[in-house]
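All you need for the working numbering is the position in the sequence shown, starting with 1, plus 4.
Keep in mind that a hint or two might mislead.
[To be verified] Cut-off 20 angstroms, straight-line C-alpha distance, at most; resulting in silico cross-link-like pairs (SDA-like, lysine to any residue):
(1) 254 - 156
(2) 257 - 162
(3) 254 - 159
(4) 240 - 263
(5) 263 - 31
(6) 211 - 265
(7) 240 - 261
Everything labelled a hint here was simulated from the structure, so no lab data went into it.
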Amino acid sequence: MSDSRPLALVTGGSSGIGFELATQFAQHGYDVAISGQSERVYASADALRGLGVEAYPHRADAATYDGVESFWTFVADLGRPVEATALNVGIGLGGAFVDNDLDDELRLIAINVAGTVHMAKRVVQHMVPNRRGKILIVSSVSATTPTPYETVYGPSKAFGFSFAESLREELRDSGVSVTALLPGATDSDFHANAGMGDTKFGDNSWKNDKSVVAQQGYDALISGVDHVVGGDDATKQEAVDNRTTPEPEKAAKMAEQAKPGSR
Numbered sequence: 005m006s007d008s009r010p011l012a013l014v015t016g017g018s019s020g021i022g023f024e025l026a027t028q029f030a031q032h033g034y035d036v037a038i039s040g041q042s043e044r045v046y047a048s049a050d051a052l053r054g055l056g057v058e059a060y061p062h063r064a065d066a067a068t069y070d071g072v073e074s075f076w077t078f079v080a081d082l083g084r085p086v087e088a089t090a091l092n093v094g095i096g097l098g099g100a101f102v103d104n105d106l107d108d109e110l111r112l113i114a115i116n117v118a119g120t121v122h123m124a125k126r127v128v129q130h131m132v133p134n135r136r137g138k139i140l141i142v143s144s145v146s147a148t149t150p151t152p153y154e155t156v157y158g159p160s161k162a163f164g165f166s167f168a169e170s171l172r173e174e175l176r177d178s179g180v181s182v183t184a185l186l187p188g189a190t191d192s193d194f195h196a197n198a199g200m201g202d203t204k205f206g207d208n209s210w211k212n213d214k215s216v217v218a219q220q221g222y223d224a225l226i227s228g229v230d231h232v233v234g235g236d237d238a239t240k241q242e243a244v245d246n247r248t249t250p251e252p253e254k255a256a257k258m259a260e261q262a263k264p265g266s267r
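With the hints as extra help, turn the sequences into a complete structure.
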């Protein structure tokens, strides 16, 4: 019976790391509620059902208050406790800040920052009275470095990392744990969708396997650790090095990789 299984919620769960996180939950016996902006969310739910669990798809625009709220209402109306949540939905935007459209940058902030806070609020206020629950906030290794030519994206992910660490401490004695996942460059459509096809990041051949990154995130969530870097040893070392490398040096290195035409 479906209600005998725990329920997980995954925002942005129709593709990329989000779908792989939803797959991890399904493979470990969770029913999964997933959101997505396109009709792809329904096919992704069908694939999750093929793993022997129930999947609940919801299509909505994560850039709007009503879109975020509608997904939470959809999940709440299932009438089941949410045991685990992956706040994964996020977009990127490449290009020079001077040239990018302001509306595109504000949409990124609405999804990556406001949307994360909005859904976290609903989830935390649901979990804390239950005295249990696990929350995964998907940030990025970009949170640990300046990100020229992704000048709004990187800071949005730095917000997510700091938000996760701050919320974790607040909830320390509540029974609810918070974990941050910091993926490195991953083999998804993320950079292509961000308009970075002509940069180094437009080539997926060298990137981390999204299924491996998702497994690392799931394992960290279940273990209750504060954060995990998603990717191979080189990615993990990059995050370590970023703690001590001067900011201008990191910025120059990132600019070489992310500047349009650098591929």
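Problem - 20 angstroms Cα cutoff - pair residue 257, residue 162 - result: holds (18 angstroms)
Problem - Holds or violated: residue 254 to residue 156, with C-alpha atoms at most 20 angstroms apart - result: holds (16 angstroms)
Exercise for the section: Would you check the hint for residue 254 and residue 159, treating anything up to 20 angstroms between C-alpha atoms as holding? Expected result: Since the Cα atoms of residue 254 and residue 159 sit roughly 14 angstroms apart, the hinted pair holds (cutoff 20 angstroms).
Practice task
Sort out whether residue 263 lies within 20 angstroms of residue 240, counting only the CA atoms.
Solution key: violated (23 angstroms)
Handout entry: Restraint status (C-alpha distance of residue 211 to residue 265 at most 20 angstroms)
Key = holds (19 angstroms)
Handout entry: residue 240 paired with residue 261 [C-alpha distance capped at 20 angstroms]
Key = holds (18 angstroms)
Exercise for the section: Assess, step by step, whether the Cα of residue 263 is no farther than 20 angstroms from the Cα of residue 31, and give holds or violated. Expected result: Roughly 39 angstroms between the alpha carbons, so the hint for residue 263 and residue 31 is violated.
Comparing the model with each earlier hint shows violations of hints 4 and 5; every other hint is respected.
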